[in-house]
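Trainee: Listed below are the residues making up each chain.
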Amino acid sequence: MRNPSVETQGLPARGAHAADEPLLAVDNLHVEFHTRQGVAHAVNGVSYSLNAGETLAVLGESGSGKSVTAQAIMGILDMPPARIPAGEIRFHGTDLLKLSDKDRSQIRGQRIAMVFQDALSALNPVFTVGWQIAEMFRVHRGMSRGDARKKAVELMDRVRIPGAKQRIDDYPHQFSGGMRQRIMIAMSIALDPEVLIADEPTTALDVTVQAQIMELLAELRQESNMGLILITHDLGVVADVADKIAVMYGGRIVENAPVHDLYRNPGHPYTKGLLESIPRVDLKGQELYAIKGMPPNLLEMPSGCAFHPRCPYRRDECATAVPPLYSISGTRSSACHYWREVFDGGSR
Amino acid sequence: MSNEMTVAPPPQPAEAPQPAKPGKPASLWSDAWYDLRRNKVFIIGAVLVFLLVLMALFPSLFSHVDAYNPATCNLANARQGVTGAHWFGTDNQGCDTYSRVIYGARVSILVGILTAVITGVVGGGLGLVAGFYGRWVDILLSRVAEIFFAIPAILGALLILSVVGRDNSQKWGVWVVVMALALLAWPLVLRIMRASVISAKNQDYVVAARALGAGSGRIMMRHILPNAIAPVIVTSTLNLGVFISAEAGLSFLGVGIQAPTISWGLMIADARARFLSAPEMLLFPALLLSITVLAFVMLGDAVRDALDPKLR
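Protein chains in written order, with this note's numbering: chain A, 1 to 348; chain B, 1 to 312.
No lab work stands behind these hints: they were computed from the structure. Source: prediction; values computed, not measured. Take the hints with a grain of salt, since some may be wrong.
Taking lysine-lysine and the BS3-like style, the derived pairs with C-alpha atoms no more than 30 Å apart in a straight line are [as the list claims (entries may be wrong)]:
| # | chain 1 | residue 1 | chain 2 | residue 2 |
| --- | --- | --- | --- | --- |
| 1 | A | Lys151 | B | Lys201 |
| 2 | B | Lys201 | A | Lys98 |
| 3 | B | Lys201 | A | Lys102 |
If we strip away everything but chain A, and leave its shape as in the complex, we get (with noise of 0.2 Å):
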């Protein structure tokens, strides 16, 4: 439907920006993963877009093609066994899938860059954390030692950890998890990247850090106005950091909606049944609402639309048509044949 991009020759000037043009967009993208048991559809035709200095929350369990997602667009998908058979990953415009690996690796960490679940298996165990700091200016900006040390401390003092230049030469199990993690993410934002990927970036921390790494994202985010993606599984992480959310459920997304928006009034049976089985203080004593099934096997894909055989809204359409992405408003979209009756039935 769009123009294939035209501008793949040489990489977009930072900062230089098509008017027109998100910062990031994903359009149509399909990843599928060949094994033995047979062709696994993990991503099928995803499209999301993020502008500069705004976040978008990927919500979806696991199996659900969030990180899939994310790791084509950082390029570090192991090719194969995974094939991106269609789509665009346009950055400023240019489709980063038909740009050489050569150009691909100048946009990786610098441009584009990740954070990790969990920091202590993400960080090299041999190494200090100043080190590992320093190397990305030492390779990538071709500092000194010395200098690249000092932005080390300064780095480790902008994520705010306390005595950074007593911990520079500590090694990474010496640190707490939500430490570990603020190291991870002073590497990733280490060379200004216009656009921060962090996969289920609290998962493995306690509720209160959690907090605070979240708080921490957010004020990078919005220092250096770059576009942040949270992939999470979890809706409570989100609510006060993203602007908008993008639900997805067996490699599609089944719902867009601004973040409020989507807690007010979920437009799919699947962000409705997520949203009713958090636990809530004022139904203490009741049973806690839990969607029925499992969720979908990759290398089975359920008929029509993935969810129909958890789906309460269920009608016989459902097993055979696919539902396109109906749109609600100008900012909401709903995969779901039905979404009037999920948006307006209020709570079950």
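With chain A fixed as given, assemble chain B onto it according to the hints.
Mentor: Coordinates of chain B only, in the frame set by chain A:
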């Protein structure tokens, strides 16, 4: 009444959180060093190895008789038994066994270290490449390694050395034995390195390094190699003893080190026929050989315990 007695101590000033150990923080390597220094097996092994290396480098420190000088031998003194002048007795040519045992250390240590280093570098390097790149590179290297792996070590070495021949063996000295052993032993190191690299490659920090813009070479050398090399160091240290006894075995069989170079294996071979009448001729070189192999195995064991406590 007890209320008055339990005076609350003044609140401690909140201290800044301290790292667990004061001083330099612990990495895998400094942790391992910390463990090693407290390990008796390591200390005994290290002292023995130190003495043996010293013996190999400066044999004259241990013996005032130069075993390589034929003038020190006197055929009239052949197989004299243990005496005050000849602590370990004399051999068939009337040479002093003690000084020959001391001078024989050089060949053993040299063969052991050179073979261990060559197999470590070649096997480790190829294992790194095979494990990191996978696919056809891995298939090619692994199959070649398996071909060498299938050859029984002593038989293979016998074959190689007899093809090379005695003249060439004499010309190239220890190198012929070293290369024969290395040719047969590198696949073992390749396998260990490959497995270790594959497990390191799938660690999150390698993916994370890639996502933060590190290139292949940097990932391989900075992120995978330091995290995958410990098992290779352990195997190489343990193998050192194995190579030393293999050299002695090959020399004993007459295809390894050639006279006039002094080797414990050769000395044992010379003593074999007269074992009943002159047992000391066989006993002392065999004892030194055993001590040397034991010393390196102890060292290897201690290094393994320090680098991988899970294997204990």
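Trainee: It remains to establish, for every hint, whether it holds in the given structure.
Mentor: Results of checking the hints against the structure:
1. Lys151(A) - Lys201(B): OK: Lys151(A) and Lys201(B) at ~29 Å, within 30 Å.
2. Lys201(B) - Lys98(A): 26 Å, holds
3. Lys201(B) - Lys102(A): Status holds; Cα separation ~21 Å.
Figure legend: structure checked against the earlier numbered hints; every hint is met.
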